[in-house]
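Peer 1: Chains as they are written, first to last, in my numbering: chain A, 1099 to 1316; chain B, 59 to 300; chain C, 678 to 881.
If you are wondering where the hints come from, they were derived from the structure by calculation, not from laboratory data. Keep in mind the model is a prediction, meaning the values are calculated, not measured. Cβ atoms here follow ideal geometry from the backbone N, Cα and C, with glycine treated the same way. Some clues are possibly wrong.
A partial selection of chain A residues facing chain B, derived with a Cβ cut-off under 10 Å [said to hold, decoys possible]: (1) 1104; (2) 1247; (3) 1256.
What follows is each chain in one-letter form.
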Amino acid sequence: MIALLMRDLRLAVRAGGGFGLGLAFFLIVTVLVPLGVGPETALLSKIAPGILWIGALLACLLSLDRIFALDFEDGSIDLLATAPLPMEGIVTVKALAHWLTTGLPLVLAAPALGVLLSLPQGGYFWIVVSLLVGTPALSVIGTFGAALTVGLKRGGLLMSLLVLPLYVPTLVFGAEVARRGGEGLVVQTPLLMLAGISCGAVALLPFASAAVLRINLR
Amino acid sequence: MSIWEYANPVKFIKTTDRMMPYLAVGAVVCLVSGLVWGFFFTPDDYRQGSTVKIIYLHVPAALMAINAWMMMLVASLVWIVRRHHVSALAARAAAPIGAVMTLIALATGAIWGQPMWGTWWVWDPRLTSFLILFLFYLGYMALWEAIENDDTAADLTSILCLVGSVFAVLSRYAVLFWNQGLHQGASLSLDKEEHVADVFSSPLYVCIAGFVLLFIALVFLRTQTEIRARRARALIARERLA
Amino acid sequence: MDLQVTDLAVARGGVPVLEGLNFSVADGRALVLRGPNGSGKTTLLRTIAGLQPALEGEVIGAGERIAYAAHADGLKTALTVTENLTFWAKVFGNSDISAALTGFDLLDLADRPAGSLSAGQKRRLGLARLMVTGRPVWVLDEPTVSLDAASVALFAEAVRAHLQAGGSALMATHIDLGLDEADTFDVTPCRAKPRVSALDEAFL
């Protein structure tokens, strides 16, 4: 399983797309929003946590179809399925690789982009914390969506339709942590809920993803 | 004699055909009498005026929007555990009905909200949850449409329905946390304080019964259609072989 | 332990394609499946590899003993030959890839990215993967596609060595590899009578 993780990471670095595209997309979203809503600092700093969360979520979504599509095209998935790895392990590793190549860079880039949106002083810490706790859930939920649509031609749009409603609770609690943190309010409740969603998703969803992937390989 | 006997497509069609007239008549009688009673023979609310009467469409539709998803969840579980084709098709048949119920609830809510709250739409937790529920219905239906092999589609949509149910509940609590909302409390409740007055609730019960009967009749009808479509395809396949 | 197939029926997209299959492959033996295109050889091999459920019957001695090679080689074009092989070796809990590299004449290509290889070279790399799995039963689907005569000879040699080491092989191929240990099994008589798919049957 470590070999699979290392291979996926190496592929992401070498093929370039993994890190670069997601981050660039995140940057573009944060640039476009002020262009759309106007440059007033007060307004921007009020909506900054939400924009950063939406941007991170969309950047995550954008890279989901790469999780299984490439392995499906070149036949690796079939071969992995006959290897001595449990399917649940494979999807977990895939989600972890996606988080390391997409989620983690987004977390690290968020403070820098926060500057562009004049994020309030206290918000930097909490946007990083909320993304750090929340993005694993995004990756795991996304892996489920990617597994659902793996064999489909033009599955990308369908996958967005399936995954985005599932992202709602994570987004709500994540953005709430960042917002309250920025305003200096107590963040304990949403932070615990966010952590709960992440833990629950990481613990349970791989079983659903593996079942779905097995059905799709049939 | 077991309930699973009705999982046989032919038996299902026969039985539901016998039940259909009663369901249809019951639905029409309940809906017409409930709505007429509600619209013309209840007093206007002292605060809300006559706008309150949209409750006779709004509440039953909202109730059925959730119950339809519940029914799909049960049908999906039955498909996963017992692999009865009728069950998968019934879940598939219920989805558009549930989606339409959600839309009715949203639309009547907007029409009611306009005079009451002065706006067509607020990001109230209940409204938001229903919008999200509608998105779940859309995704579920889109997945059914996208997959060619019927058994694969049934398997995948069942799992999506299971996972979706968990996340739908989570979303409900998330939006409740996110915004406490303008929406009034539950219209029907065991708690006397919250409950709407009896003079309003009696016709409401009749309307709800009408919506339930209507929903059952529509699900039976659509499931029959799905079964017949599959049967037609099977017959064509057999003809081609002969 | 032999690979044994009893009364197996396999289906493609719910439609039965082969039924009543009975054969076994003893250790040290190879079995070559023959049959026209579309007769269901690939479906049979996928079923034996455990990728799809059998319609009826059973397969004994497969599961964790199988190394499966499909039409697609599962190569990552951005990784070098060595990296590709090392990855699969690690997945199967092994580490030594030198035998596989020599066996399929890949030593000179070891540091080339798999994307720059020709079709035949890629195929050789895909087959070399079998040697690093350390699994006793090779299940091969058209292994010789796009291989030249010299490469086919290399492959035959590798299979022979595998059989002599006590392994066995089940393959679908149209080329005669000149293996003394190989029997052939024609799937044509086992073709399923045309009937509607199992999916639709419930509705008739």
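Peer 1: Can you verify the interface hint for residue 1256/A: is its Cβ closer than 10 Å to any Cβ in chain B?
Peer 2: Since the shortest Cβ distance to chain B is 5 Å, the answer is holds.
Peer 1: Grab the minimum C-beta distance from residue 1247/A to chain B and call the hint holds if it beats 10 Å, violated otherwise.
Peer 2: Hint holds; residue 1247/A Cβ to chain B Cβ min 8 Å, cut 10 Å.
Peer 1: Measuring from the C-beta of residue 1104/A to each C-beta in chain B, is the shortest one below 10 Å?
Peer 2: At 29 Å from the nearest chain B Cβ, residue 1104/A fails the 10 Å test, so the hint is violated.
Checked against the numbered hints listed earlier, the structure breaks hint 1 alone; every other hint is satisfied.
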